[in-house]
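Protein chains in written order, with the numbering used here: chain C, 668 to 893; chain B, 208 to 417.
Think of the hints as simulated: they come from the structure by calculation, not from any bench. Glycine included, every Cβ here is placed at the ideal spot set by N, Cα and C. Among these hints, one or two may not hold up.
[Said to hold, decoys possible] Here are a few chain C residues that sit away from chain B, every Cβ distance over 12 Å (derived from the structure):
1) 735
2) 756
3) 766
4) 808
5) 892
[As the list claims (entries may be wrong)] Sample of chain C residues at the chain B side, in silico, Cβ under 8 Å:
6) 670
7) 688
8) 762
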Amino acid sequence: MWRWLGEAAAVAGKELRAEFRTRVALNSLGLFALTTLVAVAYSVGPFRIAAEDRPFLLSVLLWIVLLFAALAGLDRSFVKEEESHTAPLLRLSASPLVVWAGKLAYNLVLLYLLMVLLVPLFALLMGFEVVLVGWFVLLLTVGGYALAVTATIVAAIISRAMTRGALYSVLSLPLLLPLVIFLIQGTAAVSDGSVDTVQSSVRAVVSLGGVMTVVSAFVFPVVWND
Amino acid sequence: MAVGIRIEFHDVGKRYDERVVFRGVSGEVGPGEILTLTGPNGSGKSTLLTILCGLVRPTRGQIRHLDPGGAEVVRAEWRRHLGVVAPSMSVYEELTALENLRFFARVRALEDVEDRCRECLDQVGLEPARTTTVRGFSTGMVQRLKIAQAMLHQPAVLFLDEPGSNLDPSGQDWLAGWVRAAADDNRTVVLATNDRSEMEWGSHSVALAG
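Starting from the given sequences, assemble the full structure and let the hints guide the process.
In C-alpha cells:
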C-alpha cells in the first residue's frame, strides 16, 4: 500500500513540477474563472438580485464558474501525455492505477487551489453570505473531489480520441450535471442556514464521488492500456 | 546476471484499417541473444517492436514472453522486465535529466534512487547536464537520456528502435559496448535498425519485406 502510494505521489509530483514550470493548466483555469467572475460581478453585481433569490442564484453562478473553469483546464494532464508522446513510456513504467491516482491527486490540487482563490473573491464581489461555514467547507471539499474524479476519467477517455476538445464537454456535462445540481442545492442551503438540506446534499455528493471513484478504478486500466 | 526471458512470436500480423503493415512474421529470441528487425522504411519494424513489448495489440498471431521456467510472464510483471528506447517515446521536456530519471525510478519503486540515477547519467555522459531541463537538450542528448531511462531498472529485456540515431561517434561506440555487455549479462535484446553497423550486433535477424 505504501509503495503504491509512493508511486502515485511520484506521478502527482511530476505533474505539479511540470505545471508550475509551464503554468498551462493554471493559466487556463485561473484566467477562465477570473474572466467569468468579473463579467458576472460587473453585469449582475451584489445588489441586482432580490434578497430572497440570492442564496440560490449566487450558488448557481458560483458552480457555473467553477465547473467551466474545471472543464477548461483539468483535461490537460492526459492530453499533454499523448500530444508530447510521453504516454508510451509512462504506460510501460507505471501501473494504470498508479497513473490514475497520481493524475487525480494533481487535478485535486489544481481544483482546490482554484477554489481557495476563487470562492473568497466570489463571496466578496457578489456579496455571497455563508451562514454554515463548516458545512460550506465540507461541501466544497467533497464537491471538489467528485468534480476532479469525474473530470479525470473523462480526460483519460478523450485523450485517446481524435476530436478531443468537443468530446470533453460532451462527455463531461451529462456526468457532472447531477453532481452540480446537488452542489447548487447544498450551497444555497449553507447560505440560508438550512442544515437538513446541506446534509442531504453532502450525502448525495459523497455518493456520486464514491460511485465515480469505483467506476474510474475499473474503467481506467482498460482506457489507458487499450 | 539478468533473469533471462525468452520471446517467441508466431504468424504475427498488423493492419490499420485497409493498410496491411506486415503479416506472417515469426521468430524468437532468448537470454543473451540479440535479435535484429530489419527492412525498408514503412515495413513495420517499429510497429513490430511495439507489439513485442506489449504496447500495441497485433491484428493476428501469438506472442509469448517466457520466464526461465517456461511459464508465461504475467502482464503486470512484464512491465518490470523491459526497457525501451524508441523515437516515438519521449521523456518529459519540462523536467531536468535527473528529475526525469528520478520520476521513472520512483514509479518503478526502485531502491537507492539518487545513486542509481546519477550512475546512469554518468554512464550515458549526461552527468554534467543533470540539472538542465530536457527542453534545452540537443537531439543526441535526449537520445542519451532515453537510453539512461531504459537502463535504470536493469531490465531483463531491451527493446531498442534505432538506438544510435543522433548519437555522435563516441556515443555510438559506447552504445555498441553497452548492448553487447547487456547480451553478455544474459539480457534479451530486440533491435530495430537499418544501420549496417548495428545490424552486425545481432545474433540472428528477422527481415520484414515492406
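Cβ separation check - residue 766 of chain C to all of chain B, threshold 12 Å = violated (8 Å)
Query raised in the report: Would residue 808 of chain C pass as off the interface with chain B, using Cβ distances and a cut of 12 Å?
Result: holds (28 Å)
Over 12 Å to the closest beta carbon of chain B is the bar; see if residue 735 of chain C clears it.
holds (26 Å)
### Message
So, as I understand it, the hint says residue 762 of chain C touches chain B; can you test that by seeing if any CB pair is closer than 8 Å?
### Response
holds (7 Å)
Checklist entry - Far enough from chain B: is every CB of that chain over 12 Å from the CB of residue 756 of chain C? => result Label violated. Min Cβ-Cβ 5 Å, cutoff 12 Å.
Would the stated hint for residue 688 of chain C survive a check requiring a Cβ distance to chain B of less than 8 Å?
holds (5 Å)
Q) Taking the closest Cβ pair, is residue 670 of chain C under 8 Å from chain B? A) holds (5 Å)
message: Quick check for students: does the CB of residue 892 of chain C sit more than 12 Å from each CB in chain B?
response: violated (9 Å)
Hints 2, 3 and 5 from the earlier list are contradicted by this structure; the remaining hints agree with it.
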